[in-house]
Structure formats: C-alpha cells, structure tokens
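Once you've looked at the hints, dock chains W and E against the given chain S.
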Amino acid sequence: MSSLTAEIREIAARYPDSRTAILPALRLAQEQNGGWLTSESFVQVGEALGLTPAYCQAVASFYDMFHLAPVGRHTVEVCTNLSCALVGAQQVVEAFETELGVAPGETTEDGEITFRAVECLGGCGYATVVAVDNRYRHFVKPEDVPAIVEDVRGA
Amino acid sequence: MSSPELVTVTIDDRPVQVPKGLGIVEAALAAGIEIPVFCYEPRLGPPVGACRMCLCEVQGMPKLQAVCTMTAQDGMVVRTAQTSEKAADGQNATLEFILVNHPLDCPVCDKGGECPLQDLTFRWGPGNTRMEFEKRTLEKPIPVSPAIALDRERCILCYRCTRFSEAVAEDGQLVAQNRGASSVIATFDDQPYRAPFSGNVIELCPVGALTSTQYRFEARPWEIQNVPSVCGLCPVGCNISATTREGKVKRVVSRNHPEVDEGWLCDKGRFGFTHLNARDRIADPLRRVRRRGLEELSWDDALDEAERLLRGAEGRIVTALSGSETVEQAYALGKLLRAGLDAHTAVFPEQTSAALDAHRLPLSSIAQADVVAVLGDVPVVERAPIVDLWIKQAKRSGAHVVSSPDDEALAGAERAVLIWCGPDGEGGARVADLAQRTGAAGAFYLPETPNGRGVCDAWAAADDAEGPDPEPIGLLVVSGDEAAADPNVRALAERAEHVIVTSMFHGLAAGWADLILPGTSYLERDGTYVNLEGRLQRLRRTAIPPAPDELAWISRLAERFGVELAPYPSAVFAELSGRIYDGLPFGEVGEHAELRTRSEAPAPVLPGEGPSPKGKGLRLVRYKALFSGPAVERVPELQFQRPAAEVELSAEDAEKRKIASGDAVRVSHNGTSLELRARVKRDLRAGVVRIPAEHAGDLGGSVEVAK
Amino acid sequence: MGLKTMLLAGADERDLTKLGEYQAIGGYEQVPKARAMSSDDLIALLQAANLRGRGGAGFPMGRKASLIDRKSPKPKYLVVNADESEPGAFKDRQVMAQVPHRLIEGCLITAHAIESQDVFIYIRGEYLTEYEVLQRAVDEARAAGIFGDIEVTVYRGAGAYICGEETALLDSLEGRRGQPRPRPPFPPIQGLYAAPTQINNVCTIATVPAIIELGPDGFANVGTPGSPGTVIFSISGNVEKPGNYELELGTSMRELIYTHAGGIAGGHQLKAVIPGGSSVPALSAQQIDVPLDYDSLGAIGTFFGAASLIVVDERCCMVQLALRSTKFYMHESCGKCTPCREGTRWMVQLLEKIEAGDAELSDVDLLRNVCSRILGKSLCALGDFAVYPVSSYLEKWGEEFVAHVEHGGCPYGGESSLERIFAPSDQHTHSPVAQVPA
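Residue numbers (numbering that gives the first Met the number 0), protein chains in the order written: chain S, 0 to 154; chain W, 0 to 706; chain E, 0 to 437.
Worth double-checking, as some hints may not be accurate.
One side of the interface only, derived from the structure: several residues of chain E facing chain W at Cβ under 10 Å [unchecked claim]:
| no. | residue |
| --- | --- |
| 1 | I161 |
| 2 | Q178 |
| 3 | P179 |
| 4 | S332 |
| 5 | G334 |
| 6 | K335 |
| 7 | C336 |
| 8 | T343 |
| 9 | R344 |
| 10 | D362 |
| 11 | N368 |
| 12 | V369 |
| 13 | S371 |
| 14 | S424 |
If you're looking for bench data, these hints aren't it; they were derived computationally from the structure. All values reported here derive from a predicted model rather than from experimental measurement. Positions of the beta carbon are idealized from the N, C-alpha and C atoms, including for glycine.
Bound-form chain S, shown alone (with noise of 0.2 Å):
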C-alpha cells in the first residue's frame, strides 16, 4: 500500500461515509503531486476510497481549488470580485501582467508561479486581497505587486 493510500484510509475512518473524505484525499494528492491532479491521482484516490476514477475527476472538476492541468510551484490569485474590482483589482491584476509576463490563468515560463483571477475571495473590507500560496494579503495596490512577486519567487 502507498503511503497516500494509507493516508487516505486513516483520513476516511474519522468520517461516517469514507465518500466524505473524497475532498480530503485529493487536496492530498495534489499537494503531494506539486499542486495538481493527473490521471494517476484519480486513480489512486479511487482505489484508497472504492471508488471509480471517473468518480473523482468528476468531483475534483465541479471544485476550483483542484487543478487538472500542471500548475506552478507557486500560486498568486487576485480577487477581482465587485468590492475588490470596485478599488481597483484590475490595475492590480495588470501590475501582476507586467511583472509576471504572463495572462490570468497562466504560468510563468520558469514554472514557477500561476496567476490567477478568483473569484471572492472573503477579504471584501480589505480590498484588493490577493492570495499567494493560499495566505490572504490585504489592501494590495498596484505599487505593492512588485515586492510580493520578489517575495515569493524567493520563498
């Protein structure tokens, strides 16, 4: 058995239905597949849960924190929902353009970081929030993008 089979197993036990630990298992498989899921994953996670790989790529697909194409080694999200977008997400998400090289939904050349617009992201009084690695940063203006993308290419 893998690792993450049993890992897998340990997390499905805690729950009623081991089908409830379908979310938990494959944020597991993606974490330890550098922040993605591939076939393997789904495969992998259906075995340790009895359940088909179709079965969990459908559910990985219906939720946008997986991912089903390779991602960089870092992830930078700005929301530009309407109280974000409202002070000027969209002059953040271009600051982001210039400084990265690359469109929303893409990944820097080196692999190292994908940039994304989200979707609100919860920090609606702290605008514009940006998330990096998951870690909300708050009231980012445009001046601020440089600094963060230095910091996290050197994290």
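Okay, now just chains W and E, sitting in the frame of chain S:
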C-alpha cells in the same frame, strides 16, 4: 396488506383519487393530464428536479414548483400549463433555455421523430428563437465506447445517464465533469464506458446526445417497425422490441416488463443482434464431400441427404441440444427423432429441475427481499445480467446480500431470496432444497442457457417411449451453435459415424460435420421460451432469416418418416401445451407474459455429496463470460467487452501467495499450466478461483496459482 | 441602536483563540447551563429568542431546531455553514479567526438541543488560516474535555460558491459534487447521510451562547422586536473605512455608511448600495435611511441577506457592475438546473453586447425578460441571486443601459471604476474539455 390511504388531488380542476404519496406526474396521468418531464425517471431513484420542465402552480406556494419532486397529499391543488398561464410561461421558459444552446440539427439526428425534446417543444415550447449568439460548440461525436456516441452539443444535462451509471448499474463510469454551463457528460479520461449495462443510457437520453453507433444514420422513426419479442441470449428473457426496417433488424430496445427486466437490457442483448448479419453466416445447406471439403447443396438435396443419414443410423442416434431452441423447435425435433426414428437419447446443455417450481416468484421479488443469498461462485452478471441489477436494487433498499447459506442473516430473514449461480446446482434442485429447509420466500437458479428448461420439457413431452443409449453412435444430431461449440459434444462427434449440425456460422462445425443445415437466431423465429423464473414468453420473428427456419425443414423431414408435424409454431404449441403448459392457448402467452405458478412440484432430488475436489489446491470455477459465445464474437461493437485473460482470487488467497491485482501469475493443474493476470476480488470466497472459460484452456478441478 | 459587541465581545482586548483566555471571560460557561436543560426546554428557549438565521434567508434558528426529527433512529447532525462565499461578506471569517471558541460553544449547545453527537463545520477551502485557527481551537477544547460525548469535525470545502447553499453543502460534505437537492425532503428530516440535520450559519451559532447567557428576554432587549440581537455587518467598496461592524439590528444604514465606515471614499458621491451581499437588489442613494433589519429591508424591495453592504460610488458603470456580477453567478452555477445554467450564460452574452455598444433597445428588453424567466424557476436560489441585482440595476439605472445603446458604447468612456475588470470565467484553465471555436 392494508390498501394505501387514498387522497384527493385536484389537477387542472379535475379531482382525482390516488394513493397518498404517489408522484404528482403519475397523479396527473391518472387524471388524464400530461406533465412534461425530461429528468424525471422513477427507475433512477428519487427525483432530482433538475430540468425544470414540470413547473406547475401548486396552491399555497408562491413560486412555480417542479412537481416531479412532489407527492400527492390530500387537498392539493395543482395547475399545469393547461390552466395556468404562469405554469405555461414557466415551461415555455425552460424549453427556451434548453434550446438556447441545442444545435437543432434535427434533420440529421437519429433521435428526430422519437425525441422528447422535439415533442415537448412542439407542445409547450417557443416557436421562435430569441437567442442570437453563436451556440456553444464542442468536439463531437465523442466515442463513449465503440457502441455509444456522445454529442455534447445536443446534451441538455438532465443527468439521466449519469444517474443510471451511479444509482442503477452502479458502475460509476459515466459522470458529469466541470460545473455550470461548462458541465459535460464524460468517462474517465475519455476511456470507453466498459460496463455490462452501458447501452441503457442511449434509451434514457431524452435527446440525441447519446446514440447507438450501430443505429446511427440507419433509419428514420417513421420508416421502422418495432416488433415485440424477448431476448434469447441469456436465461432472463428480457422483453425487447426489435426495430426493423425492410425486414432487417436495426436495433434492439427494451420493452419494460416490470417483473422481469424493469426496462433495462444488458449490452449483449442490446448490441448483439448484428450477429444476424455476420459475414460467415450460413445461408445454404452444406455437405462434406471427400477431399473437397464442404459444398453447398439445394434444400431438396439436403433433405434427401438428411433422410439418408437418419435412416442409415438405424436408430443409433444421439441428439445434442443447445438450450436456445424454441420450445416448439425442440418438441418438433424430439417428435421427429423419437416418434419417427425411435431415437430417444439426447444430450442436454445442462441439468434442469422441476423442484424449483415450488418456489416460483418474479425476479422483481428480489428487490423486496430483506436478505438475498447469492450462492455458487459464478458472477451473477455473467450468467443472468439483469438479476445483478435486481440484487443491487435490493441492496440499495437495505437488503443484506450474503454469499453463504449458513449466514446468520438468513436465519433471521423474513423475506429471504436464494439465488444459485454456479456449478453443482443440480439444475436448481440444490437451491430448491435449501429454500425448503430455510423457509426462504423464493429461490432462483441461474442456468447457462436461455431456454434449457423449455427445451428439456419439450423433448420429454415429444414421446413417451424410452430407449437405451446407442453404442456405437451411428449419427449425432447437433442442434445449434452452442451445442456445436461445446467440447463435450465435439468429443461425441469424434465417436459418431456421421454428424448433422444445425449452425448459423461457418467455422463452428466445418471440420467435423457431414451435413450442415443453416440455423436461425432467436430474432428470426416465432415460438416460446421458458426463462429462469419458469415464465413462458413469446418470441416473434423480427427479421427474415436467410434460410427456412428449423421448424420448417423439421416438419418436411418428419413427413418422410410418417410423423405428423405442422410447420407453424402455433400448431406445434397447441399440440404440446396440453402436455406441459396446462393447455394454455398460444395466443394467451401474452406480450407481457405472466408468471404462472405451479401448484405441485416434485421434491428436489439430490445426489449424495459429490466427490470434493482432490488435493489441497484452489477450486477452479470456469464460467462462460457474458461477453462470449458465437453471437458476441461476431459483433464488432462488443469486442472491447470481451473478458480479459485474468484469474480471479479471493483477497485471502492472494495475500497468502503475495499476489496483487495485475500481477502475472501461473495457474497450474496436473502438469498443465497457463499464464494469466491476477485480479483480487473481495467478494470471492477463499479457496475458489475463477477464470472465464475462453481463457481457462484445459484447466479443471483444483489448481494452484503462483507468481 | 449602534455598535454593540456580542459575537465579537472581548476580541479586541484578548486573544480569544486561546481556550484559557476565552474561559477567563466566561467562555464555555453556557454549555453546562444548556446541558442542565432538557432538549425540549432548550429548543423552546431558542424559539422564544427568535434568533433569525444570519446566513441569508433569516429563518428563525429555534424553529429550525424544533423541526428536527429527534425520534428518528438515525444519528442527528449539526452542520455549521462556514462556506462564506457571498461577495461582500467576510464576517464569518472574522468570527472563526478571532472567537472560534464562541462558535464551538454555540455548536455544543445547539447539538444538545437537537440531541446530536456529531457536529460538522464546513469551512470554505480558501479560508486556510481560519481553518488552522479553528482546528486548533477544536483540538484544544476537546483535549480540555469540554466536548463530552460530542465530536466536532472541521471539514474544508474546495472552492465552490454553491456549497454555501445548504443542501449543496450536504452533498459536498457527503463527498459529491456540491449540487443542491430538491426539497422536500428538508434537512431536519433527511439531511446529511439521509439523517435529521440542523444547518446554521457561523454567526447564528456563535450567537447562541449569548442567548443562553441573557435568556430570551435579555436577548430581545438587543435589536428590534422582529430582529433581535446584534449582527456583524460587512461593509466594503467605496467607503473610507471598510470592515466588519457589529451593530444592533435596526441601526440605520446611513449610520453604518457615514458614521462607522467613514462615508464615501475620496470625496465621491454615493450611487448605490447592495445591502446583503452581491445577490440582492441594490438600493439607490436616496434609499439609505432605512433601519438595518430583516423586515425594513424587505419592505423596500431588497433583502437583509448576508448583512454585507457593497457601497458603489458614482464612477461605476452599472452595466459593467451587472456584467461582472453575472459572470460570477454564471461561473458558480452548479449546472444542475436548466434556467440557472443556461440563463446566466445568456445574461452574460447580452450584457457583453450592451457594454460593447452593439446592442439595440430590444436587447435591453430581452435581458429584462430573460431575467424574469429565470426568476423563481431554478432549483435553488442561485438563479434568483443572479437576477435580483441585475433586475434592480435595470429598474433603477435603466437609463444607463439605454445610454449604452444610444451611445454605441459605454458612456463612461473608459473611466468607469470597473473598466476592463477581468473575471475568472474569462480564463479557461479548469476545463479539461476542448471547446471548439464556432
């Protein structure tokens, strides 16, 4: 049982009394009112309310309601589109939204003419389109499997197909991917949908999104005929309609018999029909000519030749039956050979037992069981696929499914059902005996042949005389392809001086028959079959065979031996019905045949405990896989479903031998051995291994498995 | 009326994420008090308190608890909806980050009321830091023996707005694609794993300890008779001091915007307020003299919703606002029911056409009609959520839509605050399915 409480529901001002809890769609039907639906399909489990086609006004509720999700309660007042403008607008809106991205390629769509989307748009939908943007375009058609094509542009995302896959067949292979407007139906990584019941999604699809590759562009609905019959490829006898055009079968669809198949078909039954058009189909009689091999001959010459061989054997005749003959055909053959030639010896494809008649229940009763014992080591789906769906349904309703007659659950059961699927069943006597001893509500034996019971009874009814087994065998009469493919029959042929074979396909008997008469398929015959429940069902000729059917030439041959035999199934049935079917008239067998209970049945006769397999190896169960046999071999769309060269082991035995699924292993017995892939099955008993017969070579008895 | 801390009480002074600190201000003292009561009495008390659900629909929490089929032989579940995803809302996040123990205390009390031993807190996947804080608090409280025979499990979502809808949340928690279920059956009868289930928002549950502490009468002294208690209001957009403000229900909207949130930023003019999160009808600048409570907002044609105000100043093009809002709902539509799945996409197409200046007046009418055809017809409220704001923009700022048509483009001439705003639905990184260009 107390009758259900009746409540009054008023639909479009029409009060109607229905059982409390009945679905509103059904309640409306009872009032003569159609509520349009797409996603609603009670056989798929609880309603999902996804398509919003059934929006109606319900008194006391401010918003329109998807009434397919509601049940009848006393005093409920419902207004459909017929009497509510709001409901009419709601249904019109739903259709407008559905059509926003639907391609409207109806002129070239297979579904056109029998398409619920067309029909509902015709009745409830908008007559024009207000959508002026480019419609969504997607790659198409996607081969969901060699048998099924998917057009994602046409798909209206009613989720019937995925619900079938998840909640009925439980194969979990056809799923919805992505979210929102990007949602699509898909398989894992576009791999083929490889599952025994996949084809049902074609029929469930209310639009032309899932179509049969066999039927694509083959016919328009107004130029076809649907002929009611039953499937003859396994002992379940699912009720089918064969869609024909110009005398040819174009597709096979289900014809819901709620007690037998609930409207589902396995892929063998659905897609197997193209064996009728196999390139090696025999259309003319063939005779072996020394040094030149087989030669075609006329029917008159063939009957002369058959007569010559029959007379020449001087009664030393053995008949090998397939179990796929109709009752009438088996009776006719029996009468010819037994009454005409005093040749009483027959080799049946398998044992049958009338003891089961004491436990006759419809297959649907499995779904009501609280405990289902599945005994016998051969996977149910391989032998009688629909039974597997009934067991799954029972399980979903909370039944315990056990694999041993000694299971404690069985002792405490109120409605236990026993199912025997495997060797050593003594034709059902063993399970009948078990049922008697445990007080089980019902017992089923899953035979290997579609009409083994009917054939056996018909042969017995054909004459009362008995005779000794001939030695040496002067003539072996092999009736049908299954018998011709049986190694035991082949062994008999070696010993026989002459052999007559009825066969559909070249190759099966080419090497050893003296005379080959063209055989026909269950789709080409009229007559009756007896399924595993003991239900007598009616077959209809759905296609014209390339040669006269068996009954036609048997009766001509019978004439030459002074045996009176009509060439019509109705007449033959009338003759035999008095002997074995209580005089039931042919016309009353029915399109949805009922299961006639038997007041008396013989006690089960069991041999003493058979010799237990010698040695301390694993007991080998060889089984005929569902997707195997002469018909399946000739259907291109089913080749991907053929069984893999695998040996199945229990988890316990695999662990002992440090074998994992996918390992290459050697299976050996008495010096012979085979290399196969291992597959570990959690539901297999320890001490038993399973191999599909076509991959089992000469292995038998007890075997050893090692890496 | 005005500022009043109840949910966030003590959080400014102490680090209430620590069990000891929370207990030092009387934390978890309500649990034994509640456990001393019978389940029936506790439910009666909660009903008397008339605590209205803070998640959006405003359904009385005690009444929900009374509907639980406690006689069922199945386990009962309490599920806390911490999938805060409504644009404009960020208060559950603060509660979990600052007073996680108050939420847990509320869980233990509510679980006792409905005779449940299993509590699930479904937290949105993006809230990683909050998850860690909450999980630590749960572990600490469990280790301290406070749970008794109750187990509290924190479960992370994975990024889907629809999972904030309670039945979609249940499907997600069961390990499925999070799509709403038809009701009936309602969760109190058949919820999680088909067992009786109570589902409440974070702020609702975190208010429960205060109800036990104050008693229904004491609780009713706060807020208005129809809407007792305090609410944390999230305010964002074009104000000087955006943030969360815990106020008594009934505080005026003007007070929140101009007193607490410091008024419109940069000396700009107030144009619109979307008062309950982005899914509710917007109010014009003339409509803000309204008490912030369920009934008063309902009376002027909008919803209290998630108590999350998005303040919009005069620089914003309402067509762009509608388009950005609709792109969100299209992106988040689960795909199960037809009107929402197909209708939101059509709305986006029409709004894009209007914004581009390619539309005719009939397109504006068509948009209005498409909205009306989605409204009230979808399986869950998401379809309505897409329509409410857009219909209100059309109603109150209809002339801007017409101006786009007559002007042949956006009258803001590239100066709108939402100009060019990029939406995630514009990037196709998620779908493995090839879209063929038309």
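Hold the hint about D362 of chain E up to the distance rule: shortest CB distance to chain W must be less than 10 Å. Result: holds, 9 Å to nearest chain W Cβ.
Take the shortest C-beta to C-beta distance between C336 of chain E and chain W; is it under 10 Å? holds, 5 Å
Does S332 of chain E pass the interface check with chain W, least Cβ-Cβ distance below 10 Å? With a minimum Cβ separation of about 4 Å from chain W (threshold 10 Å), the hint on S332 of chain E holds.
Using Cβ atoms only, decide whether T343 of chain E comes closer than 10 Å to chain W, and label the hint accordingly. holds, 7 Å
Holds or violated: is there a CB of chain W closer than 10 Å to the CB of K335 of chain E? Interface hint status for K335 of chain E: holds (5 Å vs cutoff 10 Å).
Would the stated hint for S424 of chain E survive a check requiring a Cβ distance to chain W of less than 10 Å? holds, 9 Å
Go through the hint on R344 of chain E and say holds or violated, using the shortest Cβ distance to chain W against 10 Å. This hint holds: R344 of chain E lies near chain W, its Cβ roughly 4 Å from the closest one there, short of 10 Å.
Evaluation of the interface hint that places N368 of chain E against chain W, nearest CB under 10 Å: Holds - the Cβ of N368 of chain E comes within 10 Å of chain W, reaching about 8 Å at its closest.
Status of the hint placing P179 of chain E at chain W (closest C-beta pair under 10 Å): holds, 9 Å
Chain W contact restraint for S371 of chain E - C-beta distance below 10 Å: holds, 9 Å
Under 10 Å is the threshold here; is the Cβ of I161 of chain E close enough to any Cβ of chain W for the hint to stand? holds, 8 Å
Per-residue hint verdict: G334 of chain E, partner chain W, C-beta under 10 Å: Where the cut-off is 10 Å and the nearest Cβ of chain W is about 4 Å from G334 of chain E, the hint holds.
In this structure, none of the earlier numbered hints is contradicted; all agree with it.
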